[in-house]
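In this note's numbering, each residue carries its 1-based index in the sequence shown increased by 223.
Please note: incorrect hints may appear among the correct ones.
[As the list claims (entries may be wrong)] If you anchor each label on the Cβ, the simulated ranges turn out as follows:
no., residue 1, residue 2, range
1, Leu-709, Asp-621, 56 to 64 Å
2, Ala-412, Pro-758, 15 to 23 Å
3, Gln-605, Ala-306, 40 to 48 Å
4, Pro-758, Pro-270, 34 to 42 Å
[Unchecked claim] Subject to a maximum C-alpha distance of 27 Å in a straight line, what follows is the list of computed DSS-like cross-link-like pairs (lysine-lysine):
no., residue 1, residue 2
5, Lys-336, Lys-420
6, Lys-433, Lys-420
7, Lys-762, Lys-791
8, Lys-693, Lys-791
9, Lys-653, Lys-627
10, Lys-696, Lys-608
11, Lys-344, Lys-608
12, Lys-509, Lys-762
13, Lys-696, Lys-708
14, Lys-627, Lys-608
Just so you know, these hints were derived from the structure itself, not from any lab. These numbers come from a predicted model, not from an experiment. Just so you know, even glycine gets a beta-carbon here, dropped at the ideal spot from N, CA and C.
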Amino acid sequence: MFELRWTSIARAVALLCASLCLSSLVQAADDDTLDNPRPLPDDVILPLPCDGEMVFRYVYVLAQGTLDDREVSLGYPFSEGEAGYKQSFISGYRRDFINGQFTLNDLPGDWRKTIGPQLPKTDAGTPLKPMLYFIGKYEVTARQYAQVMSQAQSLASGEPAPACDAPEGMVGRLPKVKLSRFEAERFSAVYSAWLMKYHRDLLPVSGRGKTDEDGGVGFVRLPTEVEWEYAARGGQAVNRQELEGRLFPRRVEGREEDGPLGDWAVFNQVAGGTGQAARLMPIGTKLPNPIGLFDVIGNAAEMVQESFQLVHAGRRQGAYGGFVAKGGNYLEGEGTLFTGMRREYPLFATDGTEQSNETTGFRVAIGALSAPRSRYKELFEQWQKEGRLASLTDAIDDAQDPTKRLDTIIAASTDPRLQAELGLVNEELKRNVSLIAQQREEAAGNLIQSSALVAETINNYNIRLTNLRKSQKQAADAKDAASAKLFGVAIENGTSALDGAVAIYIDNLATGTRYTDAVIQAQFQRVKEELNRKPVLGKSLVARATLFVRHVSDYRQQKRADPQAILKELLASAGQP
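Whenever a hint applies, use it, and build me the whole structure from the sequences.
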């Protein structure tokens, strides 16, 4: 009886707290911007009907162009016994690839001014450039949904749009839920049509050319699963290890460990004993992830563009099912939430109506043509280079590339059967060469990064030797022969370790010359961006990686390296004697 009474009291307290929070949020919403309650300086914005706004965040991938991409891991590698292990085939760890569709020049002028200073600096000597895509900063709200869908009839008929009638205050700021996948796609279509009719000049254009027909005008759609998950994990703002973590990094000033997930996400905390009732919350009430996205974990789960596929042998399996919801929702407990989380829902309910629920909403992305007419030449040139053996090593001349010679043989053949058979062999050869090229690119990047660490180790060895020599001199001056002898042994061992590290560094230079200069330069650019994210050693390691790449170039020309000269340069770059 006592337990029942106490439960009732706790529930009443929770409802009272919820009511008070509701009142404060309604008041706060009167003063805050409804569509962008947490502005960031590099937000990019598109207009909505009825004087609203849709706010986007940019995500970029360093790539050689549209045909290039970056390999990423999705899902999570569950261990046996870990919560979620028995559903690994749903949310399992798998490989996928990500790239953007827009360059900086593809963006409208205001966006270029906002985003340009935040992007990595590129010039003629840097083979990689930021390829961008855009994803909603917040989940689409009830207010935004009403504003857009009020235009549907007008756009179809050409009649004037009705007067604006959209929810205001906190109710308007709640994520739009209880809608089907078809309704989310319909919203995207109506919004795209409205933008193209009234604000076409504000949209990005993939492959922006001299005329509108040259490029692919941007349009609004649901994000793909890989776009959603790469952005949710932190995108370009986190390092590779953090990108593969269970949850995105949650920085708290003055603390080494991540902050509590409750500061970043809305989820069911009752199991933790807080007594808080789980409910949908307005956008922008929690903290953003590293690239400025709100509510990617918890609150409303979010639909993505693709149909659901199971995970098989580290990749998505070939059959397609219902629709995918990402990120978990406000009824989930903390232990089940992770950035790679996904659920499958049917497109239709058992009565044949379109499936919807109270916990699932969506955010939007901006898409465009991947192969606009203005990029045909660039794409063809990139495609021609794919699968060529000359791309793997400087030892094979481009003109004498065996894969090119095979192309010529196939073209000259008059036997259709032989031509078809050789064509299949050629495509398989090119596919395997491309796979080897990807592996070599990753190995080249690892070589640059590890060599920077070897150079850092050489610097540390030298500091230690300098201190040992000072100590030995002090012992000798004090006539302490025993201590001086011990220091001498330590100096001998330290010198041997230093020489060994220099030898490893020079071996790495020789290994570096096995990769083409183009591969080394491209991977150096990626490594530099990765190292710049490391708060303590980043700057020092970038300097050492820069020197290593120059040393590889010198070794490529001279076919040798002088250990003493290398050591001198390494120590000079660190400001050491």
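Here is what the structure says about each hint:
no. : hint                          : verdict
1   : Leu-709 x Asp-621: 56 to 64 Å : holds (60 Å)
2   : Ala-412 x Pro-758: 15 to 23 Å : violated (44 Å)
3   : Gln-605 x Ala-306: 40 to 48 Å : holds (43 Å)
4   : Pro-758 x Pro-270: 34 to 42 Å : holds (38 Å)
5   : Lys-336 x Lys-420             : holds (25 Å)
6   : Lys-433 x Lys-420             : holds (20 Å)
7   : Lys-762 x Lys-791             : holds (20 Å)
8   : Lys-693 x Lys-791             : holds (20 Å)
9   : Lys-653 x Lys-627             : holds (10 Å)
10  : Lys-696 x Lys-608             : violated (61 Å)
11  : Lys-344 x Lys-608             : holds (25 Å)
12  : Lys-509 x Lys-762             : violated (32 Å)
13  : Lys-696 x Lys-708             : holds (11 Å)
14  : Lys-627 x Lys-608             : holds (10 Å)
Violation of the numbered hints given earlier is confined to hints 2, 10, 12; the remaining hints are satisfied by the structure.
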